[in-house]
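Taken in sequence, the protein lines are chains A and B. At position 139 of the first sequence the residue is numbered 139 (the working numbering), and the sequence of numbers has no breaks. At position 447 of the second sequence the residue is numbered 447 (the working numbering), and the sequence of numbers has no breaks.
Careful: at least some of the hints might be erroneous.
[What the hints assert, rightly or not] Here are the computed lysine-lysine pairs in the DSBU-like style, where the Cα-Cα straight-line distance is at most 30 angstroms:
1. B/K9 / A/K210
2. A/K10 / B/K9
3. A/K173 / B/K346
4. A/K10 / B/K15
5. A/K112 / B/K331
6. B/K9 / B/K462
7. A/K69 / B/K9
8. A/K37 / B/K462
9. A/K128 / A/K69
10. A/K128 / A/K176
Honestly, the hints are just simulated from the structure, not real lab data.
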Amino acid sequence: MLALKNISYKYEGTTRTIFKDVNLEFSPGKVYTIVGKSGAGKSTLLALLSGLDVATGGEIVYNGENLAKINRNHYRARQMGMVFQSLNLIPTATALDNIVLSMNISGVGGNKTRALELLKTMGISPEKSRRKILKLSGGEQQRIAIARAIAHNPPLIVADEPTGNLDKETEGKVLKIFENIAHEQGKCVIIVTHSRRVTTIADEIWHVEKGIFRRFDGNVNAPQTQKRRRK
Amino acid sequence: MYLLSNAIKNLERNKSRNALIAVVTLAIVMAAVVTLTINNAAARIIDTIRLDLGSRVEIRQDFIEMRQIGLGRDDAAFVPIASFMQFAESAYLRNSVFNAAMYAWSDSFRAVDDFSETPGSTTRINDNGEVVLVETSRLVGTSEPASLADFGSFREISQGRMFENLNEAIISEELAVQNALTIGDTITLSAAYSDGIVYTLEIVGIYADRTEPYVNFFLAMNGRFADNRRNEIITSFDTLIAGGWQTNAGLDMQVEYFLADPANITAFEAEVRALGLPITYNVAINQAAFDRVTGPLAGMHSAATTFMFIVLILGAITLALISYMAVRERKYEVGVLRAMGLERAKVAFGILAETVIIAAVCLILGLGIGNAISQPIADFILEGRVATANQEISETGGANRVLFAGGQMQTDDAAQGYTPASEIQISLEVAVILQIIAITLALAALSGIIGVVIISQYEPLKILRER
Chain A
1 MLALKNISYK YEGTTRTIFK DVNLEFSPGK VYTIVGKSGA GKSTLLALLS
51 GLDVATGGEI VYNGENLAKI NRNHYRARQM GMVFQSLNLI PTATALDNIV
101 LSMNISGVGG NKTRALELLK TMGISPEKSR RKILKLSGGE QQRIAIARAI
151 AHNPPLIVAD EPTGNLDKET EGKVLKIFEN IAHEQGKCVI IVTHSRRVTT
201 IADEIWHVEK GIFRRFDGNV NAPQTQKRRR K
Chain B
1 MYLLSNAIKN LERNKSRNAL IAVVTLAIVM AAVVTLTINN AAARIIDTIR
51 LDLGSRVEIR QDFIEMRQIG LGRDDAAFVP IASFMQFAES AYLRNSVFNA
101 AMYAWSDSFR AVDDFSETPG STTRINDNGE VVLVETSRLV GTSEPASLAD
151 FGSFREISQG RMFENLNEAI ISEELAVQNA LTIGDTITLS AAYSDGIVYT
201 LEIVGIYADR TEPYVNFFLA MNGRFADNRR NEIITSFDTL IAGGWQTNAG
251 LDMQVEYFLA DPANITAFEA EVRALGLPIT YNVAINQAAF DRVTGPLAGM
301 HSAATTFMFI VLILGAITLA LISYMAVRER KYEVGVLRAM GLERAKVAFG
351 ILAETVIIAA VCLILGLGIG NAISQPIADF ILEGRVATAN QEISETGGAN
401 RVLFAGGQMQ TDDAAQGYTP ASEIQISLEV AVILQIIAIT LALAALSGII
451 GVVIISQYEP LKILRER
């Protein structure tokens with residue numbers, strides 16, 4: 001579904017290499033978690049996967065097409081849902097408007113009833129759904145950001161620390177939702193996290209350090225170096 | 001459609017910022033409505049006056065100008081009355097009004113300010129050193145009583161009626177009272193500068209006169225009571241000419257020729273010159289009168305235009321700055337929308353739509369409010385300018401120089417008898433509405449384009465990383 005082929009990345013104007021020859025594959029119906037220290041390149045990976053940034057070498061292939069050559073606005077709007085670390089909700093709009101706007105941008109149409117149902121699933125009451133984002137708690141905002149990412153039913157969900165502001169109970173509910181989306185609806189879920197609990201729902205766990213991805217193969221204490229493709 | 005509905009919601013979401021933009025836009029639109037309607041109305045009145053005064057050609061021997069170019073009284077030329085009539089037949093004309101005035105002498109009544117022992121006995125020494133009787137009044141003749149200067153404003157018939165038939169005349173109340181003249185009485189007078197021309201006129205009307213008695217202080221000081229306007233005896237042009245005039249020697253002919261098209265003045269002049277009009281005669285519109293009548297309006301027109309340009313330039317700069325700051329404040333929102341996959345053009349459309357909605361609301365409000373306040377503002381400005389113009393006229397005292405030649409009296413105040421236009425009717429015309437719409441669209445475009453240009457420089461990841 002989504003594959004990184006010999007991906008390299010350097011920040012513009014610097015010589016510092018973030019990634020070099022990274023090869024990864026993400027398939028539908030699975031939950032992937034990416035773990036690693038701050039500054040290891042996790043968020044950069046998500047930026048590349050979401051088409052917000054472009055690799056300096058190699059290619060990212062989505063359903064057989066090079067991401068650099070397709071309409072990335074269209075890709076972001078329709079093919080993927082993204083939960084940003086800083087949430088990136090529109091603060092002056094209501095929770096409901098944030099969801100409906102996302103649905104409209106994706107082309108599925110802003111269905112208020114579906115948006116309210118989704119918010120309710122996330123534990124946001126109809127009354128709170130009509131409040132402006134600024135008047136909601138951090139946890140509520142995080143749940144709204146998750147609802148926005150899945151509202152238009154995209155085949156790919158990319159989430160950056162999606163449970164960072166949630167209590168244990170809500171975190172459990174949200175993780176269940178991610179798990180269901182992958183395992184029951186056959187979507188691909190990629191989560192960047194520091195939370196060990198989040199990794200419990202993962203089908204594959206990848207650890208990134210100094211631009212090197214290593215896979216945990218069922219045992220978080222035994223990292224496995226990624227397979228590198230040779231040209 | 002959702003972009004439009006989101007734009008409408010955004011207006012509410014960013015109330016204070018949009019209110020600021022709306023206030024500036026509304027102020028510009030209102031100022032534009034006021035200035036454009038005033039400009040339009042003033043220009044329309046000036047055009048109407050130009051059509052009237054600008055088409056009114058006078059053929060006169062200008063003694064003051066002759067003197068300035070070194071010609072004396074002996075150089076004056078006289079034109080047959082029949083020639084003045086012939087000029088009126090020109091194909092360039094739509095109408096002609098014949099006016100003439102002559103100094104008259106009479107001992108059958110005492111003129112106002114004639115303090116001599118017996119009426120008409122005042123004497124003077126002429127150019128030949130002979131003692132002669134001075135004129136006592138002026139006989140004014142017109143082919144168009146409705147065009148008589150000051151009637152309808154400072155003069156009105158208080159008894160009897162306007163003359164209609166040969167040898168009928170009207171006199172002032174002061175002259176009537178001084179001589180106990182009433183309707184039906186007759187007066188006898190003769191031409192002061194042409195021998196053998198005698199009139200016996202029946203008084204059919206008496207008029208009240210609120211004009212200044214003398215056009216120039218010098219006339220009053222020198223006892224020229226014949227030039228006291230209360231001593232004007234007004235009759236028809238036919239009556240005056242029927243006295244036996246062959247040329248305008250001793251007669252002040254003031255024929256007004258109305259051109260069908262003011263642009264044909266040169267062609268008309270060529271035609272009358274070809275018919276023998278001497279070079280000492282001017283063929284010209286009364287520019288001084290035109291300037292006096294239209295002065296306050298022209299001043300208001302000019303001031304309104306300047307004001308509008310200042311408002312438009314300052315307003316556009318202010319609006320541009322506010323728009324620039326507004327879009328920069330929304331940088332994060334733009335980043336989020338772009339990160340969600342909304343195309344740059346659609347983000348720009350949303351911002352443009354917000355600007356256009358604000359502009360449309362301001363346009364409707366501005367047209368309404370601007371239209372309502374235009375008339376009082378125009379009245380206020382015009383009133384001030386007319387007062388200033390009248391003050392200047394009264395301070396300069398009208399005519400500064402007076403010249404007598406060949407029985408004619410001329411002053412250097414060609415605009416005498418004309419008053420500045422003091423009324424203006426404001427209306428919101430379709431042309432003005434279209435101009436306002438164009439201005440509003442231009443402002444909206446300015447504001448919107450700034451937004452679009454700034455947005456086009458934003459990369460979503462950069463914005464979100466900066467945050």
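Hints that the structure is at odds with (numbers, increasing): Per hint list: 1, 2, 3, 4, 7 and 9 violated.
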